[in-house]
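There are 2 protein chains.
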Amino acid sequence: MYDVAIIGTGPAGLSAALNLKLHNKSILWLGSPALSRKVGLSEAIANYPGMETLSGADLNARFTAQIAAAGLEITDRLVTNILPDDSGFSLLGGNDFYQAKTVLLAIGSAGPKALEGEEALLGRGVSYCATCDGFLYKGKTIAILCTDPQYHHEVEYLAQLAGKAYLYTPYKEEVPEGAGLERLPFPIRAIRGEGRVESVLLGDGSDRAVDGVFLLRNSVAPATLLPGLELEGPHIRTARNLSTNIPGCFAAGDCTGRPYQVAKAVGEGNIAAHSILEYLGK
Amino acid sequence: MYDVAIIGTGPAGLSAALNLKLHNKSILWLGSPALSRKVGLSEAIANYPGMETLSGADLNARFTAQIAAAGLEITDRLVTNILPDDSGFSLLGGNDFYQAKTVLLAIGSAGPKALEGEEALLGRGVSYCATCDGFLYKGKTIAILCTDPQYHHEVEYLAQLAGKAYLYTPYKEEVPEGAGLERLPFPIRAIRGEGRVESVLLGDGSDRAVDGVFLLRNSVAPATLLPGLELEGPHIRTARNLSTNIPGCFAAGDCTGRPYQVAKAVGEGNIAAHSILEYLGK
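Chains as they are written, first to last, in the numbering used here: chain S, 194 to 475; chain X, 194 to 475.
Here chain S stands alone, though its shape is the one from the complex (with noise of 0.2 Å):
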């Protein structure tokens, strides 16, 4: 049982993880190790206090050699699921069950909009984790919506079991080929079926009969990681001390609203990380 859990390797969850190891918490920091994607594409950051202006990914490679000397540790996990209990709360991140007794969401600008029936259908052939469920669709055919290159060593894994693979992606770099690989020209707006995938709906109004659909993305969608969580457009609703409507649950950064800044990402993340500390205190 951790003291925090923080999901997100973003300026927020850093800004968090910094304060409440100083403080001898015990922190269990979910995410990617390559931290933030947003930032390390910046090409410039001028406005953040005390730097002189520099790229976003020198600021990243900045950030990584600040977590090595605060020994700071990350884990490399996607988390899909976070429940409410009566010690805390549990968090499902890759196939691993994790326990803390609270959680600090700095999961990037809201997080992606759940897709139409995406929330319906998970564990009904939706899928987050090509890892966890990749094997159930050997042979048969699947769509992959893929919004981050990181993942594309799973795109390959899954490429290799189906028998088709069905791809999207929102950006422009070079993707994975492969003999069942084909890139879809619109992007995936729905997914259907009765009780279980049955096919995916995109842009163009078109259809694919699917079996299976996987959803590689730097986060799920604030309603879908945790039910009952209250948003305010796309982005979680939190009080001035960062709290959520859940009690022990916490956010900052981008998740909680505009502007999306690192200064604005950090300072929440030193807010919210002293909520937390004030709520352990309890």
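Honestly, the hints are just simulated from the structure, not real lab data. The reader is advised that the hints may include incorrect statements.
The list cannot tell twin chains apart, which means a pair is met if one copy fits it or any two copies do.
[To be verified] Dumping the calculated DSSO-like pairs for lysine-lysine here, alpha-carbon to alpha-carbon at most 30 Å:
1) K231 - K218
2) K357 - K214
3) K306 - K333
4) K214 - K231
5) K218 - K365
6) K306 - K357
Starting from the known structure of chain S, fit chain X onto it as the hints suggest.
Only chain X this time, still in chain S's reference frame:
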């Protein structure tokens, strides 16, 4: 008429100034060019994301370099009064009047609490400005509360003018010496007088008869600075977007509440700047 007046040159004020400058707003930035004394006195700051552990003096030096690089200018005035009017705000800084469409209060840890009698006797013997009012006390007896060694030149100026000057400082640094200057052994607790200053009450219950009281502080208590401003305990009450109860007036940093931390302050400065941009756009 400036787009925005930023009061305070600590991390919150700097973060806001950087953002508003990037958006080409006209900025009046009022405060000490020496930046935050509180930051400057920090031995080690270990939880500012992206920055190796460093002293507060080093961080202030980086801020100073960044201010120059960004082409930002600080106007060295203590703002003592802000009045909302039809087109925005009128501000009194030293002997000068300024006007701005919006105001950001980034005045540090809640500012000082007003002394008992301070508000009632302001302009009736209570003054914040040696240069402005010192000549009124030539040959007379005054009390001086000085909270920052940067005002020692004002203490010296007042001591030369006055017949007798009682001085209290809450810090350990050396203070000016002079013929008529007597250091008070206890803090000033209250300012007394019927319609005009007559005496100061000290922490030990004794009093000293005086004609005037000079309060040389880095900021003025929020309620004195901007009458009608809603507080929450010693802090300025702010909404999630850092607006105050007074339209066009925003607040950021220590003055809005704990944690008193650089990361929190820069985060709030960033949010407040974007809220100001939105307000100006209306």
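* **Copy assignment of K214 with K231, given that the CA separation must stay at most 30 Å** => Cα proximity of K214 and K231: in one copy and across copies (25 Å, 23 Å).
* Between K231 and K218, at a C-alpha cutoff of 30 Å, which is it: within one copy, between copies, both, or neither? -> both (28 Å within a copy, 27 Å between copies)
* At most 30 Å between C-alpha atoms: does K357 with K214 qualify within a copy, between copies, both, or neither? -> The answer is neither: 46 Å in one copy and 53 Å across copies each exceed 30 Å.
* Asked: 30 Å Cα cut-off: does K218 pair with K365 within a copy, between copies, both or neither?
  -> neither (41 Å within a copy, 35 Å between copies)
* Identical-chain pair category, K306 with K357, by Cα at 30 Å -> within (26 Å within a copy, 71 Å between copies)
* **Identical-chain pair category, K306 with K333, by Cα at 30 Å** => Within one copy only: 27 Å inside, 71 Å across.
When each numbered hint is compared with the structure, violations occur for hints 2 and 5.
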